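The whole structure should be built from the sequences, with the hints applied where relevant.
If you're matching them up, the sequences are chains A and B in order.
Just so you know, numbering that gives the first Met the number 0 puts 16 at position 17 of the first sequence, and the rest follows in order with no gaps.
Just so you know, numbering that gives the first Met the number 0 puts 143 at position 144 of the second sequence, and the rest follows in order with no gaps.
Source of the hints: derived by calculation from the structure; they are not laboratory data.
Here the structure is a predicted model, which means the values were calculated and not measured.
Heads up, a few of these hints could be off.
[Unchecked claim] Only pairs whose alpha carbons sit at most 30 Å apart, straight line, appear in this in silico BS3-like list of lysine-lysine:
| id | chain 1 | residue 1 | chain 2 | residue 2 |
| --- | --- | --- | --- | --- |
| 1 | B | LYS85 | A | LYS405 |
| 2 | B | LYS126 | B | LYS82 |
| 3 | B | LYS61 | A | LYS398 |
| 4 | A | LYS216 | A | LYS31 |
| 5 | B | LYS128 | B | LYS85 |
| 6 | A | LYS110 | A | LYS302 |
| 7 | A | LYS398 | B | LYS128 |
| 8 | A | LYS398 | B | LYS82 |
| 9 | A | LYS271 | A | LYS216 |
| 10 | B | LYS29 | A | LYS405 |
| 11 | A | LYS398 | B | LYS29 |
| 12 | A | LYS405 | B | LYS126 |
| 13 | A | LYS66 | A | LYS271 |
| 14 | A | LYS398 | B | LYS23 |
| 15 | A | LYS347 | B | LYS82 |
| 16 | A | LYS347 | A | LYS398 |
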Amino acid sequence: MQLTRQIYLDNAATTPCDPRVVEAMLPYFTEKFGNAGSRNHRFGWDAEDAIELAREQAAQVIGANAKEVIFTSGSTESNNLAIKGAAEMYARAPKGQTGRGHIVTVAHEHKAVLDPVRRLMREGFDATFITPPPDGVITVDHVREALRPNTILVSVMWANNELGTINEVPQIGRLCHEREIIFHTDATQWVGKMPTAVETDCIDLLSWSGHKIYGPKGVGALYVRRRKPRVRLESLVDGGGQERGMRSGTQNVTGIVGFGKACEIGLAEMEKDRAHLQPLRDRLERELCARLEVCQVNGHLTKRLPNISNISFGFVEGESLMMGVRDIACSSGSACTSASLEPSYVLKSLGIGDDLAHSSLRLSFGRWTTSADVEAAIGLIERAVNHLRSMSPLFDLHKEGIDLSKIVWQSH
Amino acid sequence: MAYSNKVIDHYEQPRNVGSFGTSKEVAARKDIGVGIVGAPECGDVMQLQIRVSDAGVIEDAKFKCFGCGSAIASSSLATEWIKGKKVDEALAIRNTQIVEELSLPPVKIHCSVLAEDSIRSAIEDWKRKSGAAGAPAATPSATASVH
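Given below as structure tokens:
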């Protein structure tokens with residue numbers, strides 16, 4: 000395959016490190032290589048100081064106290080620690096029994112939330128997976144309806160990773176506090192991009208990650224509320240008792256330093272980033288919907304992050320669309336590189352038909368996306384969709400005015 | 000996923016894309032057979048149309064495909080291979096030949112199966128409409144029908 004410059008529009012998957020982050024990290028690979036657990040020499044003290052500065056930077060971006068930040072390897076670990084750790088701590092019955100407590104989450108959460116909840120269901124807990132409405136936004140009413148007298152934990156993401164839609168997290172947090180239920184939010188796509196105040200938003204546990212905010216991979220954090228209420232977790236990793244005993248293991252000092260710096264920059268440049276991102280996203284959607292018929296933006300149009308766009312193009316298939324836009328690095332709505340051709344469960348949970356779920360692209364913008372990138376992407380997508388529609392039997396039927404949903408297909 | 004150069008070539012320059020008219024027009028013509036296989040929710044729909052002479056030779060073939068690059072390439076290749084062949088020769092084409100020609104990986108074998116099915120389905124449709132000898136009873140199993 001020829002090597003052409005790829006346009007990177009997959010910032011919701013990961014972001015490049017900000018050079019300022021890399022610069023902050025570099026000394027901790029070499030001269031300041033100490034173990035933060037070494038309490039009796041300069042190398043250890045330097046590492047510890049660096050971690051505590053990063054903890055302060057991380058706390059500030061979410062409006063927390065530094066003592067409430069636990070460093071982890073990323074959002075997946077943070078979600079696992081929050082959900083399993085809280086469920087085990089607040090279980091209504093001991094291990095080995097059923098009826099240990101009820102958990103509420105949402106069908107379009109990330110797998111790093113859904114799978115821990117499913118595991119807990121095998122271990123005696125009950126769970127409700129809220130079906131999202133067609134716009135994808137989870138409201139406090141959805142959660143209220145799902146609560147039971149024995150609900151011990153609610154986990155609702157702040158912003159959805161495939162759609163960018165924003166859930167009513169502060170309202171859900173307030174409801175949970177009224178009912179004395181622990182509230183966790185996976186804020187991986189949110190923190191560093193949108194203003195966050197865990198105190199007034201009534202959040203007990205919040206997960207986020209470094210590599211989504213121009214920091215390094217392999218490092219993230221979990222906010223664990225310390226007062227009103229003091230949230231306790233059962234640790235998943237036991238050992239040296241680092242991170243207040245909730246996450247043993249020698250701290251990833253370089254990663255944590257980079258994570259802290261990324262949080263600091265994210266907080267300082269939040270408005271600037273947003274003012275850069277939203278016009279790019281809006282232009283892409285406006286242009287594509289003007290140039291192509293049967294083109295649909297998925298998820299709520301305004302209750303949405305400024306940097307994610309999920310668009311379906313009718314009558315073209317997702318994988319061939321990806322092939323047509325291979326000069327754009329982005330995500331497809333269908334996971335068709337795997338053996339099973341499954342459209343995105345997130346889009347399906349919104350009630351979007353299989354055909355449109357298959358033919359969707361998630362385009363996500365970042366700090367270094369340029370308007371030239373967006374201009375080029377619009378042209379490439381338009382060309383690919385038109386090329387595929389010229390070959391599509393479904394587009395012909397649509398043009399003839401035949402309703403595709405009325406056809407009985409003989410599938411294999 | 001890495002595609003073979005042949006798949007990319009068929010994707011970018013598909014051979015014999017098109018149809019011999021609207022679905023109503025082709026339904027009325029006895030010299031044209033249509034095969035539509037697959038389903039949108041499976042991510043593949045292949046439509047193959049063949050124009051067959053009185054002597055049973057496939058004079059022209061057109062395809063349309065909703066599907067991945069391998070599905071597009073398989074149907075494009077199928078049209079190349081069946082053009083000029085007698086229907087019985089076309090029926091002898093096996094999906095494994097398509098797999099080999101396009102270097103399809105195991106997860107894409109179903110694309111070649113679909114292409115083989117579309118050939119069979121189009122020929123059956125032609126036989127049924129033209130009343131050619133040996134025509135089987137109508138087999139809606141491989142043809143999508145509008146309700």
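Okay, the hints, checked on the actual structure:
Note on LYS85/B and LYS405/A: the hinted pairing is violated, with a Cα-Cα distance of about 35 Å set against a maximum of 30 Å. For the suggested pair LYS126/B and LYS82/B, the alpha carbons sit about 17 Å apart, so the restraint of at most 30 Å is met. A distance of roughly 18 Å separates the Cα atoms of LYS61/B and LYS398/A; the hinted pair therefore holds under the 30 Å criterion. Proposed proximity of LYS216/A and LYS31/A is supported: the alpha carbons are some 20 Å apart, at most 30 Å.
The straight-line distance between the Cα atoms of LYS128/B and LYS85/B is roughly 17 Å, inside the 30 Å bound, and the hint therefore holds. Between LYS110/A and LYS302/A, the direct Cα distance comes to roughly 22 Å. Compliance with the 30 Å bound is thereby established for this hinted pair. At roughly 26 Å between alpha-carbon atoms, LYS398/A and LYS128/B fall within 30 Å of each other, so this suggested pair holds. About 28 Å separates the Cα atoms of LYS398/A and LYS82/B, which keeps this hinted pair within 30 Å; it holds.
Restraint check for LYS271/A and LYS216/A: satisfied, since their Cα atoms lie roughly 24 Å apart, inside the 30 Å limit. This hinted pair checks out: LYS29/B and LYS405/A have alpha carbons roughly 26 Å apart, not beyond 30 Å. A distance of roughly 24 Å separates the Cα atoms of LYS398/A and LYS29/B; the hinted pair therefore holds under the 30 Å criterion. For a cut-off of 30 Å, the pair hint linking LYS405/A to LYS126/B stands: about 27 Å separates their Cα positions.
Of the supplied pair hints, the one linking LYS66/A and LYS271/A holds, its CA atoms being roughly 29 Å apart against a limit of 30 Å. Distance hint between LYS398/A and LYS23/B is fulfilled; the C-alpha atoms sit about 13 Å from each other, no more than 30 Å. With a C-alpha separation of about 41 Å, the suggested pairing of LYS347/A with LYS82/B is violated against the 30 Å cut-off. For a cut-off of 30 Å, the pair hint linking LYS347/A to LYS398/A stands: about 25 Å separates their Cα positions.
Hints 1, 15 from the list above are not met by this structure, while the remaining hints are.
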